[in-house]
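*Asks:* Read off the chains here:
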Amino acid sequence: MSTRNLELEVMRYDPEKDEAPYFQKYTVPCPEEWVILDALNYVRDELDTTLAFRWSCHMMVCGSCGMMVNGEPSLTCKTFIRDLPDKVRIEPLENFPIERDLIVVFDDVIQKLHKVQPYIMRKDAPPEDKEFTQTPAQLMKFKQLTMCINCMCCYAACPQYGLDNNFIGPAALALAHRYNLDNRDQGKSERLDILADYDGVWECSFVGACSEVCPKHVDPAAALQQMKVDGAVEYWKQKLGMTGEKK
Amino acid sequence: MSRRPYVRPISKTTWFMRNGRYKIYVLRELTSFLVAFYSFYTICALAILASGSVEKWDSFITAQQCTGWAIFHAVALLYFLFFQTFPWFKLAPKAMPVQVGDKKLPDSYIIVGHYVAWIFISVFILWLAGAL
Amino acid sequence: MTIAKKAVVWGLFAAGGTLTSFVYPALIVLFLLTSMGMVPANLQFDQFYAFASSWVGKLCLFVVLFLSLWHAAHRLRVVVHDFGIRQDKLVARAVYTVASLGTVLTAFYLLTI
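So the protein sequences, as listed, match chains A, B and C. Note that the numbering used here has the first sequence beginning at 1, numbered continuously upward. Note that the numbering used here has the second sequence beginning at 1, numbered continuously upward. Note that the numbering used here has the third sequence beginning at 1, numbered continuously upward.
One should not assume that every hint holds.
Using 25 Å as the maximum straight-line C-alpha spacing, the simulated BS3-like pairs for lysine-lysine come out as follows [as the list claims (entries may be wrong)]: (1) A:LYS188 x B:LYS94; (2) A:LYS115 x C:LYS58; (3) B:LYS56 x C:LYS58.
These are computed hints drawn from the structure, not numbers from a lab.
The following block holds chain A by itself, in its conformation from the complex (with noise of 0.2 Å):
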């Protein structure tokens, strides 16, 4: 087994003491099988027990190791150091606020989840002593969409969502796009009124990088275009009064 020796850059912030962050250097002896999560838990064990960072599972379950590694998102727990090349920087994810070197603050997007609604809606009483069924067909239809694991790699590499942090952002439209495309749901047009709004998926241009750094292949991207289409077939619906809905 051979060792190899890292450079790793690592962004380090303070609240207590520092101004801005700034970037320590750390030389970390990698056995090639090992992944950037390993080397930052070398780092704490073993050279620096004040840097801060996340991780639970170290197996891509519970999307908590997310940070820049060389400038992409990604799941620390699933990058390689065999891929990657002697120098690498270590960042926080970017466009949230940095609570302390590693560690951001996930708040605004953990409200954006709130506020698309996403769980099954119905308008009526579910049937007694029954379960609502679903074919393996129907299933398919959003199958991708329920891997996400709130990682929000998407929400670090959408350049939409860092220059203006009021739209939804791409994992929360694409749950909402799950549950709209759930056959047991019947709150489409209810979360039309914000997923379909200013804010909603208008303000994606479809820039694609949210679905090229997902690392549970969820493609937020496909998602969005199949809503923009769905809010514009919608709008001429509703024009048309080719709907039941309230107007």
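Got chain A sorted already, so can you dock chains B and C onto it with the hints?
*Replies:* Relative to the frame of chain A, chains B and C by itself:
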């Protein structure tokens, strides 16, 4: 312990210089200038045609014939293909996914379909114009 | 109901984008051939006039130009936004006015022919 989250500044005018992905995106968006240019150019041609004067039309056609314009059109054609037509076809299956039964139709089918249609349409237009 | 009016222009943008992707390469080739002195036969006055006189010809030309103009207008609005100019309402009014003007001119010339 006091919280004092740090917000990193982003330039509103040069943000896309940060990475290659954003640069390609901006180059794609700039094709709108070409579309606007050729649309208004065609409208000008229609205006001259509408005047009903053969002389004006012929001098309009003659005025096109220079190396400068030829180079411009050649570059414009390549730029348009690589930053509008091809990317648009590549992204088309995202906006219009097709599901057959409980399987999603592979994106490549839809993309290839677009290319086939494009070749057919292009040949038709060139034939219609008498260029073939 | 609050589906933003952007839905309308986005619809035109998307339709126009699809159309230009298919049609504009051939259109630019026609311009290229003309500039190289190999003027396509049906772009001579009589032939082209005849084409633009027919209702099918008028309809084709109008649909192509109408959608292309609105596609370009909407995308230009986004470009201006991306380059950091944030007077979106003003920009929107400007680009859509030019697109409307182009649309009206197209219709006018086609009806004159």
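*Asks:* All the hints need checking, so say for each whether the structure fits it.
*Replies:* So, going through the hints one by one against the coordinates:
no.: 1; hint: A:LYS188 x B:LYS94; result: 20 Å, holds
no.: 2; hint: A:LYS115 x C:LYS58; result: 48 Å, violated
no.: 3; hint: B:LYS56 x C:LYS58; result: 21 Å, holds
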